[in-house]
Amino acid sequence: MNLLLFLILFPFVMALLTFCARNEKLRSLVVMIGCVAIMVADIIFCVQAVRAGAGINPLRWAGSETHVYHIFEHVIIDVELLLFLLIAFLSIKYQKYYCLLLAAAGTFPVLWHDFFGTHVTAPLPAVMIDNLTIIMCLVVGIVGGIICIYAIGYLHDYHHHHTDVANRSWYFQALLFVFIGAMFGLVTADSLSWIFFFWEITSTVSFLLIGYTRSEEAINNSFRALWMNLLGGCGFTVTIIYCARFYNVSNLSHLVRMGGMTSGILIPAAMLSFAALTKSAQMPFCKWLLGAMVAPTPSSALLHSATMVKAGVYLLLRIAPLMTGNVVGLMVTSIGGFTFFAASLLAISASDGKKVLAYSTVSNLGLITACAGVGAAEASWAGILLLIFHAVSKSLMFLGVGSIENATGSRDIEDMHGLIVKMPRMAYIMTVGICGMFLAPFGMLVAKWAALKSYIDSNNVVLVIFLVFGSATTMFYWGKWLGKIFVILHQSETLRDTTPKTAWFSMYTLTGLVIILCMTFPMIGSRIVQPYLRQSFYATISNVISPDDIRVMLMMLIMIAILPVLTEILVRTRKEKTTMSYMAGVNAGDDRHFIDAFGGVRPSYLSNWYMEKWFGEKRILSPMLLCSAVALASFMIVAVAGTLA
Amino acid sequence: MRDFLWLIMIILYLGLAPVLGVLASGYDRVVTARMQGRQGPPFLQPYYDIMKLFQKEAIVVNWLQTAMVVSFLMFTIFTGCLFFAGGDILLVFFAHSLAEVLLILAACSANSPYSNLGAQREYIQMMAYEPMTLLVAIGFYLVCGSFNVADIIQINMPAIIKLPGFFIGYCFILIIKFRKSPFDLSTSHHAHQEMVKGLTQDISGNVLGIMELGELYENVLLVGILALFFITREPWTWLLAAVCCSVVYFLIILIDNIFPRVKWEVMFKYTWLVTFGFAGSNFLILMMLRR
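Protein chains in written order, with my numbering: chain A, 35 to 679; chain R, 32 to 322.
Chain A extracted, bound-state conformation (with noise of 0.2 Å):
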């Protein structure tokens, strides 16, 4: 358990020592001897953890007892009210008062609760680590890991290029790491105040990265973030007090446990949702995340796959078991497939690599949500493993877009046009990542098999449409890209490699696992997330996917693992002509330039379709944000009033 102690406090640490390291190459060898370490100890922790038995009977710690306890309680409360001033402040100088009113909301209750509020008889201990648990601080210690790795060369790389924005590179990094730090409070914590306590710190710390440029789209955007979050925070606030007051319950898992035996838990339920719901992006929220992406590209990749919208996500499987069959499940689930399936749309209208990755994100975070509604064993199967799958792959691209971006000077998907010849280190490593995006038989592909499966046996209709006709878009979005990608374009040369080497260890390391997983998961969705199903379900789930169809996905892998030997034993063997690409007889000496009607020389330019007219953002977001909007707002009467009256 010192262990646990040392995860959360150490990111802290690290934070300090970055923010003091001044010296850029004391810095990078303070992040990455930090980054080890917190790897390291997460792994021990880990297996530790799975040995001490956390998959049989979840491990408690600091009662109200301990002194560590005591510490912390105290800690949090000076911490929060420090969070407030810091949000009251830049409130006030950016002048957007909502958000001081906002962090007003979410803060004073709390804390008028902590001192005069009714204090619960007996709470459980405010730490709890089931399986669950482990899966999250692997995904947050590994992934987070690298990224800060990969962020000390980009930081390099980023402020040569963006001259114009004043080199924090120390303020950033330290940000990351308060991050991670966090994040580890945030899923150890069974206590609702603690895990407040480390959801308000992610979010004020995503508004301070994504305006880490100054600018005015970034200051913009990064009080968008605030204040949404906030408002999810407000949530929390409301559950707290209400559970204190109500149930005499202080701890999620005593909550959960709560549901199935008492009806008209759904004021909490319905609260902890939107909490979430905003955390992790959901429909009416989704644009917070989507202008998340001005702050620099480790940000987004922490934001996007590790980190925040994670969050979300996995309080929402946490208190899956509440949400079985009633109207917050069914909210819950509308939700999720609506904004799997409009966010896909509206991906394919993007060339901008990075808004693509984005709405990804967004529907790919609504599939692990609707999971998580239908309040069954199988489908938070599914979510759990969807989790796991997103954050490797979706940390993966914003990397590797990142470092494109850096080494061509645009993040446009238009202008990875032959990237295989221009980067094929790089080529392969995005290759690797959009397929195990979409395409069978990689991570995210097999668990969206798994969601789908659940979603038939959960009878809900709706859900199934939205997630054929959604997973139809996504192909379409990804695969293009693909395409851009696989252009060999003649007489053009290799770029020199500018990346530096922190970033190509991040991103071979990630592309490893992208791969490991594929031929693992069958093992951790036995030996890990089963476990934890037993404890929160009380039911034994058989094999969502048979070992028939391991199998056969194992084959594939296989032989797509010999696609590049086969395409050099082709070119090796065949010696075939080549020649210039047809068009129509009037190439002018190459594949890119054409003679046109005139009898000049044109360049020709090959474009991917958007679709602008039919999916465009300017057409149908509006709409979709008003419809999920006015559909959340609607679920939320029904579920409050419900209750009360």
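To be clear, the hints were calculated from the coordinates, so they are not data collected in a lab.
Be a bit skeptical, because a hint or two may be false.
Said to hold, decoys possible - Straight-line C-alpha distance at most 27 Å; calculated BS3-like pairs for lysine-lysine:
no., chain 1, residue 1, chain 2, residue 2
1, A, Lys611, R, Lys83
2, A, Lys389, A, Lys652
3, A, Lys652, R, Lys294
4, R, Lys300, A, Lys389
Go by the hints and put chain R onto chain A.
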């Protein structure tokens, strides 16, 4: 014994699929010619065409193309084997889209306007028909409780009785899959098209032969899925399936000759509408009955 049977099925598929595919294609061309009041080519013309392609030297536009086309064939055959060996039908569709993506990548790699346009259209076609393919798999699961083809062919009464909407939707997307008018957007056998040959524009010689062979395997797989709508545990239903598949095939040829090609918008809209309207409502009813 059962394992042995599936092995035979795989071998039969590997050996017979090209033969069946060629025969079907020959039939198609003769019937089409008759409908248009032409003499038309000999019945075995598709066979001669492919054999001739294989004798020709391939002229490629880059080093990647051939590998992508070969792997398209590999994965198509793999998909077919998986289906005829009684595997999971959802996995069959997933593997099939992987094969399809490989073919599109071959076209993308060419960096030619026609190939690129063909590739983009092919993606749109995939986006149009994919919901239907997934729904077909779900439909079979709802009527027989398993995604495995081996179990689906053991049901008591033909699946089409409970899945008429799914059947209509699947036939609709078969027009796209067989590259027939009004939906032959990404590639065409006809010379008048503005796309020239679209997707396969820059593939030539024996590499084109490989691609055509792959399509033959693919077509037999698609007809096999169609047959699933009729086959039950009674052996005579196999005959029924054969007859019904021929009828559907004839109808598709008829449609090909009646309708002019439409724009992609129209194809996309109608495919999703048909999928949603027919398969979707059928699906809704099945789910209601299940409750």
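ask   = Out of the numbered hints, which ones does the structure contradict?
value = Hints that this structure does not satisfy do not exist here, as all of them hold.
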